[in-house]
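Chemist: Modelling step: build the complete structure from the supplied sequences, incorporating the hints.
Heads up: the sequence shown at position 182 corresponds to 182 in UniProt numbering, and the numbers run straight through without jumps.
Because the hints were derived from the structure by calculation, they are not lab data. We put the CB at the ideal spot given by N, CA and C, even for glycine. Possibly wrong hints are sitting among the right ones.
[To be verified] Pairwise CB distance ranges, derived in the manner of DEER restraints:
1) E106 to E285: 53 to 63 Å
2) F89 to P339: 41 to 51 Å
3) Y383 to V217: 45 to 55 Å
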Amino acid sequence: NYSRDSLAFATESCYGSLANCLGFHDNISQPMLKEFEDYKLFDVEIRYGIVQLCEGLTFLHNEVKLFHRNLCPESIIINSNGAWKLSGFELCIQGSADGTNYPFREYDGNIPPIINPPLDYMAPEYQTTKSYDTQSDMFALGMIIYALYNHGKTLYECHDNYSTFIKMSDDLKAMNTTKLSILPAEVRDHVKMLLSSKPELRPDAGQFSKVPFFQDVGTKTLEYLDSLFQVDNIQRSMFYKSLPQVIDKLPMRVNLQRIASALELEFINPEMIPFVLPNMFLIAEKASNEEYQGYIFPKLKQVFKIQKPPAGSGASGCIMQTLLILMRNMNLMLTKTPPEDIKQHILPVVYNALDAESSQVQELCLAIIPSFAHLIDLQAMKYCILPRIKKICFETITLSVRVNCLICLGKLVESLDKWIIIDEVIPLLQSIPSREPAVLMAILGIIKVAMSSTKSGGLPREILATKVIPFLV
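Modeler: Rendered as structure tokens:
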């Protein structure tokens, strides 16, 4: 977009070109990023990447009537989410309105190769009939597929020499099919058709994307993820319920770049979060700490910010389910999250869980608080955690919740200083409104721990004499 005063354009974060991923790093500044060291494309990345190229070519050829003319690994960009996208349109040719005629441009050997079409991916009709059309792009696609399975090397290499290209084009008419043996068997015959010296025998992009080679579970899952915005919540929820079976089979890089990024888009929809979040935690469980902190945790922060909905809101039940899932996975998050991020982002989630109306959420929260009590400073413990536990303990009508409040307190006593125990815990015990056996046993347990606590040095004798013993008697 532009005006008289400004020029604005949108950019997208890119990982690199397909050529970079195939081991060609001449255009990358040194020192090279460690991500490109020993980089290897996974089978599902190749399959779905080709499908994405076919989708792009279908649009170019059918809707825009455009012949790319520069299709090669260098002109295919892979973004930060792992999606393959066409670029390098500086050599494209606009066809006629009906897409049947494309003005021919001779290869010019007097200009630098970088501004000429890549000879290694150029269709033979360029020199045999001095013509081309969109089927010439399909030849280039076939050569790219061959290079993907041949360590980046094409069927023949011209080294920017047009005379070599002419010879190789002639040789293509009698191509030895054993050269295609490096390709997977289920796609070999289809690529052979793409590399045919006769353009009319090559399938178009739409036809090629429908071959059985691209119907595996991993490829169809990634394809469905990219089209989820077109279906309703019920269909999406059913898909997310079955997604764990696929996540287990996909490489971690695909799970992080493709699956997790697609799941993140659902975080703006509270109704879908309970279906999405278990999948995100499944990926987090399999990820290393570095992968979790780089890819998963930044996405989870959006869920942490969800607050209690207004009264009567239809999202109330979904938010309770979301808190329940967060509590069930709290140990996982505590294990992989740095201490500073726990204080800044995870503790507020705990506060929200303690304030929740669901006793199930509250009990889960009470069970996990002691496991990270050492990360909570005394001010937060005194003014945020203990008052909430006290409120739950007094207001709940469920015996198990009250008992769990006391058990949680008993585990926290070891991390509390003497004055917090004296000022907050002992008065709380004296005010408990019920005397069921389970409650009394929990109270006695807290007092016993408080008396032997190494951090607080136990309870002073005057407190025992004036508050604890009279209360017990």
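Chemist: Check each numbered hint from earlier against the structure, then list the numbers of those it violates in ascending order.
Modeler: Hints that this structure does not satisfy do not exist here, as all of them hold.
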